[in-house]
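Chains as they are written, first to last, in the working numbering: chain A, 1 to 307; chain B, 1001 to 1313.
Rather than coming from a laboratory, the hints here were simulated on the basis of the structure.
There's no promise every hint is true.
In silico DSBU-like links for lysine-lysine, alpha-carbon gap of 35 Å or less [as the list claims (entries may be wrong)]:
1. 253/A to 1049/B
2. 1019/B to 271/A
3. 1182/B to 1238/B
4. 1154/B to 1024/B
5. 1004/B to 1019/B
6. 271/A to 1248/B
7. 1277/B to 271/A
8. 1238/B to 31/A
9. 253/A to 1154/B
10. 1182/B to 253/A
11. 156/A to 1143/B
Quick look at which bits of chain A chain B covers, simulated, 3 or more residues with Cβ under 8 Å [what the hints assert, rightly or not]:
12. 80-89
13. 132-138
For each residue, glycine too, the CB sits at the ideal point set by N, CA and C.
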Amino acid sequence: MSKSTQTPLGRTARLLDLVPFLATHQGIELKTLSENFDVTDAQMVADLTTLWMCGLPGYTPLELMDLSFESGFVTIHNAETLSHPRALSDEEIIALLLGLDVVIASLPNDRNDLKLIALDLVDRLSTRSSIPSKMSAVPATPGSVRAIIESSLLEKGAVEILYHSSYSDETSSRVVTPIELREENGFEYLWGVCQSAHGLRSFRLDRIQEVAPRSKSAEATPAVNNEQRDGISYTIHAHSRPREAIERFAINKADFTENAQVISYSIEWIKRSVLASAGSVEVVEPASIRAEILNSAQSILDRYQRC
Amino acid sequence: MSRKIERLINLTIALLATKRYLTKSEIFRSVEGYEGSEETKERMFERDKDDLRNLGVAIEVGSFDPVFEDEAGYRIKPEKYSLDLGEISGVQIALLSLAAEAWRGAALDTSAHSALTKLRSVGVESDLDALPAIAPRFNAAHKDFQIITNAISKRARISFTYVSSTLELQQRNIEPYAIATKGSFWYLAGNDLEKSELRTFRLDRIDGDIFISKDAQKYEIPDGFDLFSHFENQELGKIATVDVRKGKAHLLRTHALSTVDMGEWDRITTSYISSQKFIELVLWHGDDALIIEPQELRREIVAKLTEIVAHHV
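For reference, chain A alone in the conformation it holds in the complex (with noise of 0.2 Å):
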C-alpha cells in the first residue's frame, strides 16, 4: 500500500473513486474490493463507513448515499451525483500514453487492426491531457518474448530460445527451463537452468530473438551443473570519458579510482570492450590479457593500412 492512500488527500481520491466503481460492480465481494483499491478489508469498511455520511445538502436519509456492506458484498444506491468516474489526471494519462506505446510496439505485425485501436486512444488521451509535448517508448523486448517466458513460469515448462550472445557473436538455439525474471543495470534477465549448458545461466531478454514453449513431453528435469564458473580478474585504467569506462564495465561509481579492478566471466568480453572503449580503456593487468589485447588491435590495424 503506498503511503499517499493514508492521507486525507489520498483516502478522498479514494473515495470519489470508489462512488463510481461501486456503481458499476454492485454486489461485489469485499475482500476483492479491497484487493482492487490495494488497501485492507479494514481500511475499506473504514472507506465505506466514511462514504455513508455522506450526501447531498439536507443529509436525511433520503440525501445520504446508501450502502451495505455488512454482508460481506457492497452495493451502493442513491449516489447518482458521484457515479462518474473522475477526469484522467495529466500524470495517469503519462502513464497510459507510455504503456500504449509499449503496448502497440508489442503487437504482432499481422494486428494491424488492434494497432489501429490503440492509436486512436493515444489520440483520444493525448488531445484530453494539458501537455503539448510527445511522451513515446520503445521497448526493448518485445511484449509478446515476455509473455511466452512468463507462462512458462506459471506452467514451470521449458522453453526454446533462439539466442544472440554478443560476446561471443553467435546465434545459438538452447532450450531453458526459466526459474525468474530479474532486472540488472536497467536489462531484464532470464534466469534459467539452460539444458544445453547444464547449469545456470542468464539471457538478457532484448538479444532473445525468439521463443517458443517446449512441448511438456520433451521435457526431461534438467540437470544442473553446480561448478561455479571462476571470475576472471583484471585492472583497467581509463584514459578519457570515465562514465562510459564505468557503465561498460559495470563498476560501481564508489569504487572507481585510477586503476579501478573488475571481474569478468570471459576473456573474449574483455577483449571486445577494451577495443570497443576505443582506446579510453587500458588493461594495466595481467600481461597476458594486455597482450591479447596488443594482437588483436595490432592485428586490425595492419589489416587497415594492407587494403
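Got chain A; can you put chain B on it based on the hints?
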C-alpha cells in the same frame, strides 16, 4: 481525519449537483462540516478548495448574479469532473489495461493503477480474450521518476545532480518537457536553465534525488515537442560501407541497408548518426568487421586502434 474527508466529499457532491453557482454563505449553510466562527469557516473552505484542486477537481468561480456582482459563487461542472473518452469498447479497455499493467512494479504504478480503476468504472467489460498474449513491461528507471512526471504536469522546474562524461558531478536546473524510453534507458528532455538550451539526460546518470521546485514560476512546453525526432533531425544519418565476415557481426547486420555477397565476407552499407558510437560498434566486432568507406571514418578508426596499441605495448 474522517470529518475532513466527509466534508470534502460533501462539498464535491454539493458543487457537482448544483446547476448554478453557490455562494460561500450558501455553502456554509447547507454543506455539512463547516462549523465555528466565520473566520474558521472561511479558512476551512479556502483549504478545502485547494485540496480539491490538488486532486484535479476543477472548481469554477463565477458570479452568482450577473446584475449584482457582489458575491462570487462556486460550482464543479460535471463535464469537467467526469472521465470522457467517448464511446469505448471492451477491446479498448483491454488495451488500456495492458498499457497500465506494463507499469506493474515500476515507476508509474500508482498512476497507472488509479487510471485503470477509473476506466473500469465506466462499466464496460474488458475484452482481454480479443488480444494476443503480450506482456510488455517497463523497467524500474529512477526512483524519483514520478517527480519528473509530476513536474511536467505542473510545469514546475526540477533540479538534480548529473554525472558528466568525465564523472564530474554537475548541478542541473531543468524545465522538463518530456520523458521517453528507448531500448533499456529512460531519457528526460528539457530546457537547461544555466545553458539556456535544450538538453537530454539519461535517468540512470542522475545521481541521488530529484527535487521539484516549489516556486510558482511556470514555463511553456513547445507544442508537439518530441524528444526522439528533435535530436535525430539535428544530424542526418550518414552512410558507411563495412565488410563483415560471413555469419558474424549480427549487431551490424541487423541495421544493414544493403548486403553484397563477396565469398568469405559480405559488404554491407549501413547508416549511422554518431561516428564515435559507430566506431565503437565496429571495434566490438574485432577482426570480423572492417570499415571500407568513408575515408574519414577509416582515418578515425585507425587513430583509435593506434591509441589502443600504444596503451598496451
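Hints violated by the structure (listed by number, smallest first): 1, 2 and 8
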